[in-house]
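Model the full structure from these sequences, guided by the hints.
What follows is the residue order along each chain.
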Amino acid sequence: MSDWVEACAAGDIDEEDVMRFDHAGRTFAIYRSPDDEYFATDGLCTHEKVHLADGLVMDDIIECPKHNGRFNYKTGDARGAPVCVNLKTYPVKVDAGKVLIQIG
Amino acid sequence: MTAITYSAAAPRDYSLTGRDARLAVENGLAAAEWYHTEIPRKQMKELMQRSDQPAIRDTVIWLGALILSGAGGAWFWGTWWCVPFFFVYSVLYGSSTDSRWHECGHGTAFRTQWMNDAVYQLACFMIMRNPVTWRWSHTRHHTDTIIVGRDPEIAVMRPPDLARLVLNFFGILDAWHAMTDMLRNAAGIISPAEKTFIPEQEQPKAIRIARIWSAIYVATIALAIHSGSWLPLMLVGLPRLYGAWHHVMTGLLQHGGLAENVTDHRLNSRTVYMNPISRFIYWNMNYHVEHHMFPMVPYHALPKLHELIKHDLPAPTPSILAGYREMIPAFLRQLRNEDYFIRRELPATAKPYREELHNDNPMAAAAE
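Top line first, the protein sequences correspond to chains D and Z. Letter 99 of the first sequence, counting from 1, is numbered 99 in the numbering used here, and no numbers are missing. Letter 61 of the second sequence, counting from 1, is numbered 61 in the numbering used here, and no numbers are missing.
Accuracy of the hints is not assured; some may be wrong.
Just the calculated beta-carbon pair ranges, DEER-fashion [as the list claims (entries may be wrong)]: (1) D:K74 to Z:E38: 27 to 37 Å; (2) D:W4 to Z:P40: 40 to 50 Å; (3) Z:Q201 to D:I103: 37 to 47 Å; (4) Z:W176 to D:G11: 57 to 67 Å; (5) Z:L233 to D:R20: 26 to 36 Å; (6) D:G25 to Z:P40: 20 to 30 Å; (7) Z:I56 to D:A24: 14 to 24 Å; (8) D:C84 to Z:M115: 21 to 31 Å; (9) Z:L332 to D:K74: 48 to 58 Å; (10) D:K74 to Z:I61: 32 to 42 Å; (11) Z:Q201 to D:A24: 25 to 35 Å; (12) D:K88 to Z:Q201: 43 to 53 Å; (13) Z:E38 to D:K49: 43 to 53 Å.
Rather than coming from a laboratory, the hints here were simulated on the basis of the structure. Even glycine gets a Cβ: it sits at the ideal position worked out from N, Cα and C.
Here it is, written out as structure tokens:
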């Protein structure tokens, strides 16, 4: 469980924004909250497999760009129609200016 | 992607459980990847930003005008002076609610979610669209826009049913179907077509809403009978009929006469320049190509989005009248040739259509 992977530099993501990160055939979304904390989830919406990195971050919510489904990106919780299935989240840490995510 | 061909022996099947529903999935038209104009992330983020202020302003104007015109209609009831008041009231009730339902359903009108939810529920009641059923049908409409057998919201099927279109300017068939659907849902029945797009865990919510609405309509009818007056029904229910004309007029322009079974909104949607009153009633949904390409952009930012991407879109239709001058002849031609559609030409600055991804065939369309 120690497979920390470097996703990007901390400054690559604006505050209250999201960035796509692809690794080993998988896709993830890396978030920077308005409080300057970093989070990571699966990159595709659980509704129709659209990249969440094209969506909108508002406070602790990521909104899918296709159908406006909303998730709490800190917990992965689906926040109402049309999304019903929670997002998988991943541990994140910032080390020496790099954002690392732990991919289990 | 393989082209789906139609013939007299195998005509279009718009049902969500029929032949074309299966063919759309087999041919890669269901949940396909759609064309988007490229917009830098920074600009896109600015366009997507939510704000409560524009929608609060518009909602105060909308509800204020609704209450005043309704009160005026009731005050002057029994005289001809009630007519202009009910004219305004009915459009605010039976047409403005189409766009309010739509924008709040997307969750883009307000930044604050409970405000979206509150206006959504109110508008759904007035426009007679079950808030659960229509949230899911509209989700499918955005996934599979004008894909035969997949999109539950195709307003004009081929060949066009012109009598139905005319009747719907007065809400007659839509309201009839809405009422029968409401009573069916209230009886606890979800149709096979509804089951294709409403998840099982959401279906009880649709039934609960239908029961609440049925009770409201029963109470309104009882009040009308008790008072011996049509007035309660003039205020609740009937405006969905006599005020429907504006939302049907603008709604038909969204996709009417354009391509089916394509994966590029520039081919199947229409942007129309409209007067400010219609744009207020319609909440800027006249920028319909832009809305389908980027449903995250709130209604108040659509004019800005239009300016940003219009180099990549067909020229906008200059007016409502121009839209009908283009659309009605197309409907008439589709009576003779169901494959006919209006092919929207792109400006030289646009990225060309990827013909290999599109099912609607210009050659067949040109044939008479």
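Hints and how they fare:
Checking the proposed 27 to 37 Å range against K74 of chain D and E38 of chain Z shows it holds: the Cβ atoms sit about 30 Å from each other. Judged by the Cβ atoms, the range 40 to 50 Å given for W4 of chain D and P40 of chain Z is violated: they are separated by roughly 31 Å. Separation of Q201 of chain Z from I103 of chain D is about 30 Å and departs from the stated range, judged on CB atoms against 37 to 47 Å. For the pair W176 of chain Z and G11 of chain D, the beta carbons lie near 59 Å from each other, so the given range of 57 to 67 Å is met.
As the Cβ distance of L233 of chain Z to R20 of chain D is approximately 54 Å, the hint placing it in 26 to 36 Å is violated. G25 of chain D and P40 of chain Z have their C-beta atoms about 28 Å apart, which keeps the hinted 20 to 30 Å range intact. As the Cβ distance of I56 of chain Z to A24 of chain D is approximately 47 Å, the hint placing it in 14 to 24 Å is violated. Under the hint 21 to 31 Å, the C-beta atoms of C84 of chain D and M115 of chain Z, about 23 Å apart, fit the expected range.
The given range of 48 to 58 Å is respected by L332 of chain Z and K74 of chain D, whose C-beta atoms sit roughly 56 Å from each other. One distance hint, 32 to 42 Å for the beta-carbon pair K74 of chain D and I61 of chain Z, holds here, with the actual separation near 37 Å. The supplied range of 25 to 35 Å is met by Q201 of chain Z and A24 of chain D, whose beta-carbon atoms lie about 33 Å from each other. Taking the beta carbon of each, K88 of chain D and Q201 of chain Z are about 20 Å apart, not inside 43 to 53 Å as hinted.
Our hint of 43 to 53 Å for E38 of chain Z and K49 of chain D is violated, since their Cβ atoms are close to 21 Å apart.
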